[in-house]
Amino acid sequence: MAYVFDYAAIIPYAPLIAKGVGITVELTVVGGVLGVGLGIACAWARSLGPKWLRPPVSLYVEMIRNTPFLIQLFFIFFGLPSTGLQLGEMQAAILAMVINLGAYSCEIIRAGIEATPRGQFEAGASLAMTRIQTFRHVVLMPALQRIWPALTSQIVIVMFGSAVCSQIAVEDITFAAQFIQARTFRAFEVYILATILYLLLALLLRQVMRGLGSLMFPRRRVAR
Amino acid sequence: MIQFSTWDILRNLLFAAEWTILLSLVAFVGGGALGLIVLFARTGRSTLLRRVSILYIELIQGTPLLMQLFLSFFGLALMGFDVPPWFAAGLSLTLWTSAFLAEIWRGCVEAIPRGQWEASSSLAMTYFEQMRHVVLPQALRIAVPPTVGFSVQVVKGTALTSIIGFVELSKAATMITNATFQPFLVYGLAALVYFALCWPLSKSSQILERKLNVAHRNH
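Protein sequence lines, in the order shown, are assigned to chains H and R. Note that our numbering has the first sequence beginning at 39, numbered continuously upward. Note that our numbering has the second sequence beginning at 61, numbered continuously upward.
Keep in mind that the hints were calculated from the coordinates and are not lab data. Bear in mind that the values here come from a model prediction, so they are computed numbers and not experimental data. Fair warning: there could be bad hints in the mix.
[What the hints assert, rightly or not] Calculated from the model, a selection of chain R residues having no Cβ within reach of chain H, i.e. all distances over 12 Å:
(1) Trp-67
(2) Leu-70
(3) Gly-92
(4) Leu-96
(5) Leu-126
(6) Leu-138
(7) Gln-190
(8) Ser-222
(9) Pro-243
(10) Leu-261
[Unchecked claim] Just a sample of chain H residues kept apart from chain R, beta carbon distances all over 12 Å, derived:
(11) Leu-76
(12) Pro-106
(13) Pro-119
(14) Gln-158
(15) Val-176
(16) Ser-200
(17) Ala-240
[Unchecked claim] Computed Cβ-Cβ distance ranges for the label pairs, DEER-style:
(18) Phe-141(R) to Gln-158(H): 57 to 67 Å
(19) Asn-238(R) to Leu-253(H): 47 to 57 Å
(20) Glu-178(R) to Gln-129(H): 40 to 50 Å
(21) Ser-191(H) to Gln-63(R): 21 to 31 Å
(22) Val-89(R) to Gly-122(H): 23 to 33 Å
(23) Trp-259(R) to Arg-174(H): 30 to 40 Å
(24) Ile-234(H) to Gln-63(R): 27 to 37 Å
(25) Arg-105(R) to Ala-188(H): 47 to 57 Å
(26) Pro-119(H) to Arg-105(R): 53 to 63 Å
(27) Pro-197(R) to Arg-169(H): 31 to 41 Å
(28) Leu-123(H) to Gln-213(R): 27 to 37 Å
(29) Phe-255(H) to Gly-167(R): 48 to 58 Å
(30) Leu-97(H) to Leu-183(R): 32 to 42 Å
(31) Ile-234(H) to Gly-167(R): 50 to 60 Å
Quick reminder that beta carbons are idealized off the backbone N, C-alpha and C, glycines included.
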């Protein structure tokens, strides 16, 4: 039996898909911004922070990097309520994404920070900069510029990971696709459409990150 | 009502972890073999093969693994094939692994100095002879640490197959949670089992990188 494609069957569900795209974008943007923020804080703690702070941060990074996102998400959504922390599905999804991206981006940003030549710290100090100023202007910004492409790839990976959030009933693209599949049995059409949407979102995200990069790093500070 | 002790839960999780390991091995071995073919196409001399392999890699790296799983599980079933979850899981993880390994290995092949290619082609070697005798033996040395590192991603990727109903560690954790109502304990233990599988791989990747880099440091 030859399969007949019927994309028209999906059309009535367009609003659901549009909502899904919105949720996926929201998850990615909120998770991305907060996750990179957490990553910067952890990278600082692991490379320049006080000694006592390093082991717990390393433990966090290793735990997250060596377990699947699905298990982290289920642990937060199903497991934490028994400790009294009740989260809605959207909050749980965003928390899981922030914790996940925080660990990965910590390692990426740390690589950038550790590539800073020692002389740069001394130069910052000799210009009477405070430690915070030195970190912000001399260490962090060039480090971010160095690892911007790697960070972009990681955020794209996290966006693909957000597809898993549909499993705790977050109504993202994958959720919409599964819903439509269950209603119409048009699995091939709807999943191809969802895949294309993810592909387009990934391309868009790369463009946005490139634009953001040239906005944040107008001058080439790092000699390559 | 039957009571589950912590040991009962852990024992069942470990039993299911066998399937996680088996699926990871299938995906890694199958993906490695297919990845090698894609690598030859990607670095070879035929323009058509190169374009096709770039498209293949971009499509797989540019879409979520979950979508690939759904497409092979639901999609192939609609085309008239009877697809059991283990087959869809093995197939999509193999394809996914092959695309990433091919791209990792391409980086290693391109790190070999051009002079090596020129020298071997001046010895009248064919492309396959060059790869077999000159380039791959040298690229292998650089390729080992990132390949071992990627195996961690494969093990973690198998968790997604629980969503299409393949019973491995994650699916078992969900099933045990439904029976025991102890999600904190069960998912915590499942995370520890994954950690026990992945952490040695991550660590050995780091150690290998340091060890194999020694020869490279003084170039």
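Outcome of the hint check:
Non-interface call for Trp-67(R) relative to chain H: holds, since the shortest CB-CB distance, roughly 19 Å, exceeds 12 Å. The non-interface label for Leu-70(R) is consistent with chain H: the shortest C-beta to C-beta separation is roughly 15 Å, beyond 12 Å. A cut-off of 12 Å between C-beta atoms confirms that Gly-92(R) is not in contact with chain H; the least separation is 21 Å. With a least CB separation of 23 Å from chain H, Leu-96(R) remains clear of the 12 Å interface cut-off, as annotated.
A cut-off of 12 Å between C-beta atoms contradicts the statement that Leu-126(R) is not in contact with chain H; the least separation is 4 Å. Separation of Leu-138(R) from chain H is inadequate, the least Cβ-Cβ distance of about 5 Å not exceeding the 12 Å criterion. With a minimum CB-CB distance of about 30 Å to chain H, Gln-190(R) clears the 12 Å threshold, and the non-interface call stands. A beta-carbon of chain H comes within 12 Å of the beta-carbon of Ser-222(R); the shortest separation is about 7 Å.
For Pro-243(R), the non-interface assignment is contradicted: its Cβ lies about 4 Å from the closest Cβ of chain H, within the 12 Å cut-off. Consistency note on Leu-261(R): stated as away from chain H, yet its beta-carbon is not over 12 Å from all of that chain's, at 8 Å minimum. With a cut of 12 Å on Cβ distances, Leu-76(H) stays outside the contact zone with chain R, its closest approach being about 19 Å. For Pro-106(H), the shortest C-beta to C-beta distance to chain R comes to about 3 Å, within the 12 Å cut-off, and the non-interface label is violated.
Not every C-beta of chain R lies more than 12 Å from that of Pro-119(H), the closest at about 8 Å, which undercuts listing it as non-interface. Against the 12 Å criterion, Gln-158(H) stays outside the reach of chain R, whose nearest CB is about 23 Å from its own CB. Interface exclusion of Val-176(H) from chain R stands, the closest Cβ pair being 28 Å apart, more than 12 Å. A beta-carbon of chain R comes within 12 Å of the beta-carbon of Ser-200(H); the shortest separation is about 8 Å.
Not every CB of chain R is more than 12 Å from the CB of Ala-240(H) (nearest about 5 Å), against its label as outside the interface. Range check, Phe-141(R) to Gln-158(H): Cβ separation about 60 Å, and the 57 to 67 Å hint holds. Roughly 49 Å separates the CB atoms of Asn-238(R) and Leu-253(H), a value that falls within the hinted 47 to 57 Å. Restraint check, Glu-178(R) to Gln-129(H): a C-beta distance of roughly 59 Å breaks the suggested window 40 to 50 Å.
Checked against the hint of 21 to 31 Å, the pair Ser-191(H) and Gln-63(R) fails, with Cβ atoms roughly 47 Å apart. Roughly 45 Å separates the CB atoms of Val-89(R) and Gly-122(H), a value that falls outside the hinted 23 to 33 Å. Trp-259(R) and Arg-174(H) have their C-beta atoms about 34 Å apart, which keeps the hinted 30 to 40 Å range intact. Distance hint check for Ile-234(H) and Gln-63(R): the Cβ-Cβ separation is about 49 Å, which falls outside the suggested range of 27 to 37 Å.
Here the CB-CB span from Arg-105(R) to Ala-188(H) is close to 31 Å, at odds with the stated 47 to 57 Å. About 59 Å separates the C-beta atoms of Pro-119(H) and Arg-105(R), a value consistent with the hinted range of 53 to 63 Å. Evaluation of the 31 to 41 Å hint for Pro-197(R) and Arg-169(H) yields a failure: the beta carbon distance comes to about 49 Å. About 29 Å separates the C-beta atoms of Leu-123(H) and Gln-213(R), a value consistent with the hinted range of 27 to 37 Å.
At roughly 25 Å, the beta carbons of Phe-255(H) and Gly-167(R) sit outside the given window of 48 to 58 Å. For the pair Leu-97(H) and Leu-183(R), the beta carbons lie near 53 Å from each other, so the given range of 32 to 42 Å is not met. In this structure the supplied range 50 to 60 Å is violated for Ile-234(H) paired with Gly-167(R), their Cβ-Cβ distance being about 28 Å.
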